[in-house]
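**Q** Chain by chain, the residues run as shown.
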Amino acid sequence: MRHFPTKTVCPEPVEGLSFFARWSRRRGRTSTNSARTVFGLAFALVATPATAQTIAITGGTVAIGDGSVPERGTVVMRDGRIVAAGPLVAVPAGASVIDANGKWVSTGIVAGFSRLGLVGVDAVDETNDAGAGKSVFSASISVADAINPRVPAIAVNRAAGVTRAIVAPDGGGSMFVGEGAVIDTGNDADAITKARAFQFVEFGEAGAGRSGGSRAASQTFFRNALDEARDYLRNPNGYDGRSKDSILMRRDVAALVPVMQGKMPLYIHVESGPDILQMLALKKDYPALRLVLVGCVEGWTVARQIAAAGVPVIASALKDLPASFEQLAATQSNVGRMKAAGVMLAIGMIDDNDTRQAQQTTQMAGNLVALTRVPGATGLSWGDAFAAITSKPAEIAGLGNEIGSLRAGRRADVVIWSGDPLELATAVEKVWIDGVAQDLTTRQTRLRDRYLKPQDGALPKAYER
Amino acid sequence: MRFVLVAGLLLAGCATTSAKVDTPSAKAATPKWNADPFPSTYKAYPSVPTAIINATVYDGEGGRIERGTVFMSAGKMIAVGGPDTTVPDGTTVIDGTGKWVTPGIIDIHSHLGDYPSPQVAAHSDGNEATGPVRAEVWAEHSVWPQDPGFSRALANGGVTALQILPGSANLFGGRSVTIKNVYARTMQGMKFPGAPYGLKMACGENPKRVYGSRNQMPSTRMGNVAVDRQTWAKAVEYKKKLDKGSDVTRDIAMDTLAGVLAGDILVHNHCYRADEMAIVIDMAKEFGYKVSTFHHAVESYKIADLLKANGICSAMWSDWWGFKMESYDAINENIPLVHDAGACAIVHSDDPNGIQRLNQEAAKALADGRRIGINISDEMAWTWLSYNPAKAMGIAEKTGSLKPGKMADVVLWNGNPFSVYTRPERVWIDGAMMYDANDPKRRPVSDFELGQTGEGDVK
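Protein sequence lines correspond, in order, to chains S and D.
Going by numbering that gives the first Met the number 0, 448 is the number at position 449 of the first sequence; the sequence numbering is gapless.
Going by numbering that gives the first Met the number 0, 2 is the number at position 3 of the second sequence; the sequence numbering is gapless.
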């Protein structure tokens, strides 16, 4: 009936865990819950110094995440990396075998656009590090500095099979919102997969509001900022940018140099068709920019042009309401139509409970598959839908060789599901991140267990745990 | 069901709360004035006698029929049965093989129309946040019948009726209105005929934040309850005068509260935390009214026994949590735990996107429940989506299940509605086909969308 553990991690992880967590990951050790205690770590140091344990998960339906059709097969991982996955994979000698007959095995879900790890409780300001509207800084604000792996959203999403997340800053007083990161959701102190993974910029209605009041002003502001970055690159010492009078602070300009050079992707939030075309035009003037479009509710109206420009899109999956005047043409077929036009696509959830609800990513992808059965609508195949929440967001972030699929050599982010990962009734049964088995207990499961029967017992509920 | 109120019975009469949510618990005063000044002008659209055959049928009250027949005519449910069910000659027969038929989904908590799309300031009509007691406002006077959201709720969500509530900025937010999900030129044209009004109330963070930030009362939870009680005390006095037939200066806010005390208007109380719900339950007993439903009741699982004992429904999300302090203890098993305790469980949206996937929300909650050993059947879980909300809104005699004589509010799904891969194929409201996935002409387009990019598109 209940397969969740009755004893769980201590709620206050031991300080200094970070080193051990990194160490244990490099060892590829498949820890249990108890490895998150001092005792467990000590035990690990003493008793398993060199167990480069190989794990083979056999008999399950394997979803690699690369767009292929899931097939029954085997997944092998060792030293925190995938060795092989697929139907013809043999179980290596000495491997510890996990039977997944009747289940599905996949790469972990990658939240394509989120604010995961930045917020404890959204409406409790003290816990909310998603945005910094009052800061004098902008482009140089790096969310990696604020990621808190102990916020409940990390555990909740881990328990839902989300193993990595693209994390962007939010809000801010400038159209340049700051530098995003890629994180894992592991049950340890070291969450950062890649800091300073991309720069995030607001265009469209939000960008206009932050740069003086019009879209034209935001274009000017943006172009001026890149010009300033160019000047800074030529002569860093000549750039004055330490006072509030500067349009861009020195650090912010410095942060835009790799963007201007095309060394750092530029994630742009934009929704309307005309605004998207303006962004594509930017690329003509600044050909080095590595544009990634985020949101793109009206992307389908200019899908051909997006595809021709080779610009990837992290789309909101199911927006179908004219929620604003830049989303008048919203339809759930947006993603399918862009895909059909040849756009490289991932699914994100910008401004849609993106601090906590990446756990709904699989449901969103499933809904896009559902559209293939609606007359006149355009959806995604199962393989494409699953790729849009695994390998595609990883590739767009420049980490396709590291995360997002079960292809050989990738980090061993593996999930065993009770069934089709996109189905509503499916449960996550096991999760590995970097080859480390994860505890799936959350505050929510603890509360649930306390209140399976609401009545007080011999002592108040406060004594039940 | 209406009796002249005996003043002395008012407090005592309601202290014992019975289990039925749609049974008024106190006796109504005869209003001296028009109790229905904005009457419904809704009329069912033309229908043809229609039978869906060979479908899996959930009747909405927990029943299930395989290879079932659902027959509707003249806007009413006529028969629901197995393969041997006969239908008259001339009936349009739809083969439902591999498909499911359910009652239309009823969303007990929506702001379509009063917070419509596009969400611009000019459309922000859901909170009269100018004072914590605004019982005088009626949500129906804010409902914009051109909200594009109604069409999405219909075509993607299979929603056939919904309650539009005022927001939760105020302790007393005002009256709700129940509507059929059928576009009309006027709000009155959508209004559900004969549905009772609701009163929106709110506990917790929102009222105390909104007014506390202005250095007004309430700024605390104790302030919330103090203002509530002071207001109910006035309402009891007002009603006493009405019942005695004494001369009363008409007070629009007090009219609504007197209607609650009379059992004519149903209380829908936004309340997240278990401890606050328990206080509201006692406050309701103190003043002699009944709470129909706690909305956003994320902590109902902590007091499911108390809610059962008091016959109060909980309107819940499946997995919303953590967005504010009072939602910090939300758990995914809330809905099945409430159901399992014998209390009334409802899946609600409070969201123009969520309303399009209430069946999916139920499916998630159902699966989460099963994983902790709460085995509720699919057909029983459908009560969360139609019959229970209908009861809580006082319209269960008219809709919410596929019982003969009820309004033919029916959805044909293209598969199992608890699968992520399923969508409505056709939706009938009062027997009229208002959506057909195969016919672009049966896809409503609001005035707002006419002539704009995306007009008439699949949505």
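I should point out that these hints are in silico values taken from the structure, not numbers from a laboratory.
Model, not experiment: these values are computed from the prediction.
Note that beta-carbon positions come from the ideal geometry of N, C-alpha and C, so glycine has one too.
Treat each hint with caution, since some may be false.
Unchecked claim - Heads up, incomplete: computed chain S residues facing chain D, CB under 10 Å, no partners named:
1) 276
2) 277
3) 279
4) 281
5) 351
Unchecked claim - In silico lysine-lysine, DSSO-like type, Cα no more than 27 Å apart, as pairs:
6) 233/D x 243/D
7) 243/D x 452/S
8) 452/S x 284/D
**Q** Under the criterion that the straight-line Cα-Cα distance not exceed 27 Å, is the pair residue 233/D, residue 243/D satisfied?
**A** Between residue 233/D and residue 243/D the Cα gap is close to 16 Å, so the pair holds against 27 Å.
**Q** Report holds or violated for the interface hint on residue 276/S, using the least CB-CB distance to chain D and a cut-off of 10 Å.
**A** 13 Å, violated
**Q** Please work out if residue 452/S and residue 284/D have their alpha carbons no farther apart than 27 Å.
**A** 26 Å, holds
**Q** At a threshold of 10 Å, is the proposed contact between residue 279/S and chain D supported by beta-carbon distances?
**A** At 18 Å from the nearest chain D Cβ, residue 279/S fails the 10 Å test, so the hint is violated.
**Q** Is the hint on residue 351/S kept, meaning its closest Cβ partner in chain D is under 10 Å away?
**A** 8 Å, holds
**Q** Is the hinted pair residue 243/D and residue 452/S satisfied, with a Cα-Cα distance of at most 27 Å?
**A** Status violated; Cα separation ~47 Å.
**Q** Hey, does the residue 277/S contact hint survive, CB to chain D under 10 Å?
**A** 16 Å, violated
**Q** Quick one, is the residue 281/S hint okay against chain D at 10 Å, beta carbons?
**A** Result: violated, 22 Å to nearest chain D Cβ.
In terms of the numbered hints stated before, the structure departs from hints 1, 2, 3, 4 and 7, listed from lowest to highest.
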